[in-house]
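Number of protein chains: 2
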Amino acid sequence: MRVLLVEDDVDLSRQLKLALGDAGYAVDHAADGEEAHFLGDTEPYDVVVLDLGLPKIDGVSVLERWRRDGKTTPVLILTARGAWSDKVSGFDAGADDYLTKPFHTEELLARLRALLRRSAGIASATLSCGGLRLDPRAARATVSGEPLRLTSLEYRLLHYLMMHQGRVISRTELVEHLYDQDFDRDSNTIEVFVGRLRKKIGPDRIETVRGLGYRLTPLAGESDGT
Amino acid sequence: MRVLLVEDDVDLSRQLKLALGDAGYAVDHAADGEEAHFLGDTEPYDVVVLDLGLPKIDGVSVLERWRRDGKTTPVLILTARGAWSDKVSGFDAGADDYLTKPFHTEELLARLRALLRRSAGIASATLSCGGLRLDPRAARATVSGEPLRLTSLEYRLLHYLMMHQGRVISRTELVEHLYDQDFDRDSNTIEVFVGRLRKKIGPDRIETVRGLGYRLTPLAGESDGT
DNA sequence: TCCCCGGCTGAGCGCGATCTGAACGGCGCG
DNA sequence: CGCGCCGTTCAGATCGCGCTCAGCCGGGGA
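Keeping their order, the protein sequence lines are chains A and B. All residue numbers for the first sequence refer to UniProt numbering, where the first residue is 1 and numbers rise by one. All residue numbers for the second sequence refer to UniProt numbering, where the first residue is 1 and numbers rise by one.
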């Protein structure tokens with residue numbers, strides 16, 4: 001999952017970037033509204049954390065523009081305590097959630113998880129597919145009850161696949177959502193990791209669709225509608 | 001499905017060509033308005049992605065000419081940010097959708113799917129015909145619930161047939177829509193692939209109309225559940 | 001009936017896509 | 001500072017796909 005963090009306070013943004021990174025997100029950071037707007041337009045984020053008090057262009061304006069352009073990426077707004085009007089206008093502008101500063105990193109993470117879940121149209125807090133099960137809260141996955149030992153990237157890969165199970169995901173899409181901006185596009189890391197993941201969760205789970213990408217096959221008996 | 005990509009920016013067009021190819025389209029590329037106009041006149045595209053700022057002939061003019069000539073191919077326009085007047089004149093000229101640069105590849109793909117669906121007069125996001133069902137979003141097809149394992153070309157073939165079920169499709173038409181420009185016209189690949197497809201979806205689905213082509217027969221008793 | 005033409009099919013080939021094992025280099029930790 | 005873990009790279013192996021070819025079949029007209 002890839003997140004755009006828009007925050008001008010240097011300390012806070014560094015701290016958040018770390019926390020988000022630790023939580024397994026690929027993080028891009030924008031320090032002002034202009035940069036935020038550009039990045040959000042350019043890169044396919046899964047979710048945006050948007051501070052409102054920003055240099056150059058105000059957060060609300062950035063959000064408004066995105067929405068006017070038809071972007072539906074979930075946005076979580078950070079507001080200063082008591083800045084009530086900000087909150088309202090933020091929601092009006094199309095925010096999906098908000099959080100008042102100061103806050104606990106934990107809460108931010110929880111809200112992000114919820115947002116991602118909602119935006120993927122998934123009800124339950126844990127993902128499952130066949131004997132596979134993944135709990136974003138604990139960042140832990142199991143195959144038929146057995147806990148898996150996954151590295152960070154393996155986990156992220158599995159997470160993304162499970163969020164979009166049944167769909168063919170192109171290598172490009174994976175790269176765009178697992179990594180942040182600067183990443184060498186022609187490299188076969190994805191293949192390598194798919195390989196490693198297969199070795200851990202069983203070879204039949206991830207189907208490769210030649211010329212298109214990969215698909216995590218939801219075995220029969222799944223509820224979850226698209 | 002075959003798409004004409006009209007874009008003069010070298011980097012962007014290369015990137016888009018890749019992405020479109022990945023998504024299973026046959027892609028032709030025109031780098032200026034003249035070429036675009038010629039290709040659009042000559043080849044039967046299913047959809048056109050048209051950049052507006054073009055050398056030689058402007059995108060809007062190209063579109064206007066096509067429309068004047070009676071072409072109804074859906075056209076998606078790419079505009080530079082904020083070029084509002086372009087957008088308006090683009091719509092006036094007969095565009096079906098627009099996207100402002102920069103944009104996410106995924107959004108372009110989603111909009112193209114929507115356009116193709118709309119242009120075929122199909123409401124539901126998934127195609128169905130008899131026990132056959134095809135979901136373009138997941139790039140997956142099923143026969144009476146059983147998932148099919150189709151190769152890229154088999155899938156494209158089936159997709160095209162299902163989009164035009166009930167109509168006789170000539171071999172030429174198939175070739176023109178499944179491949180890009182340079183393709184050896186006297187070859188029997190189509191027959192081979194029809195054969196393979198029949199083997200996978202059952203022999204009675206695709207009817208041969210001698211001397212004319214093939215027809216996918218929509219059996220009686222369709223309910224179609226979205 | 002025989003021949004011609006269009007369509008069908010099984011086999012096989014070449015290429016590019018994908019996989020995989022091994023090795024490298026950075027980083028954190030003891 | 002040495003060790004182990006991890007992400008990445010590379011090169012060779014492998015495999016599947018799309019295409020061609022050649023022969024077969026079946027229908028229809030002469």
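Treat the hints with care, as some may be off.
[To be verified] Subject to a maximum C-alpha distance of 20 Å in a straight line, what follows is the list of computed SDA-like cross-link-like pairs (lysine to any residue):
(1) A/K71 with B/T208
(2) A/K101 with A/A80
(3) A/K200 with A/Y155
(4) B/K101 with A/R68
(5) A/K71 with B/R113
(6) A/K71 with B/R111
Hint data in this document are derived by calculation from the structure and do not stem from the laboratory. In this text the structure is predicted, and so the values were computed from the model without any measurement.
Here's how the hints hold up against the structure:
Distance check on the hinted pair: A/K71 and B/T208 sit about 45 Å apart at the alpha-carbon level, beyond 20 Å; violated. Restraint check for A/K101 and A/A80: satisfied, since their Cα atoms lie roughly 5 Å apart, inside the 20 Å limit. Restraint check for A/K200 and A/Y155: the C-alpha separation of about 11 Å stays at or below 20 Å, so the hint holds. About 14 Å separates the Cα atoms of B/K101 and A/R68, which keeps this hinted pair within 20 Å; it holds.
About 17 Å separates the Cα atoms of A/K71 and B/R113, which keeps this hinted pair within 20 Å; it holds. Between the alpha carbons of A/K71 and B/R111 the distance comes to roughly 12 Å, so the proposed pair stays at or under 20 Å and holds.
Checked against the numbered hints given earlier, this structure breaks only hint 1.
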